[in-house]
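Student: In terms of this note's numbering, the sequence shown is residues 1 to 102.
Derived from the structure by calculation, the hints contain no laboratory data. Be aware that a few hints might be false.
Said to hold, decoys possible - Here are the simulated DSS-like cross-link-like pairs (lysine-lysine), alpha carbons at most 25 Å apart as the crow flies:
id, residue 1, residue 2
1, K96, K24
2, K39, K24
3, K39, K96
This structure is a prediction, so every number in the text was calculated from the model and none was measured.
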Amino acid sequence: MSHVLGEDLIYEVLSVVEEIPEGKVASYGQIARLIGREKNARLVGRILSHAEYYGNYPCHRVVNHAGRTAPGWRHQRELLEAEGVTFRDNGCVDMKQFQWEE
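Produce the complete structure using the sequences and hints provided.
Tutor: Structure representation (structure tokens):
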């Protein structure tokens, strides 16, 4: 993937993800905004879907704008709950309570 996106961009995204503290979450759009690409939330998601090739990053702390976890990644919820993040009845993280204030 790095040949398509560029390793600088990949590591820029991953460096922001690395800053998310335990027990907090950030949205894809929030990360995109922090790297100066506010309209590229999907690009952030794409990068994070391949993050394991670049090292050990806390990608489980990234959710969508509504607090929904990544589809097909059941372990994400378990990892967040182990850090004290709770979920509402609809299965989403309460972004008002747990969103990272960078």
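Student: Can you name, in rising order, the numbers of the hints this structure does not satisfy?
Tutor: none
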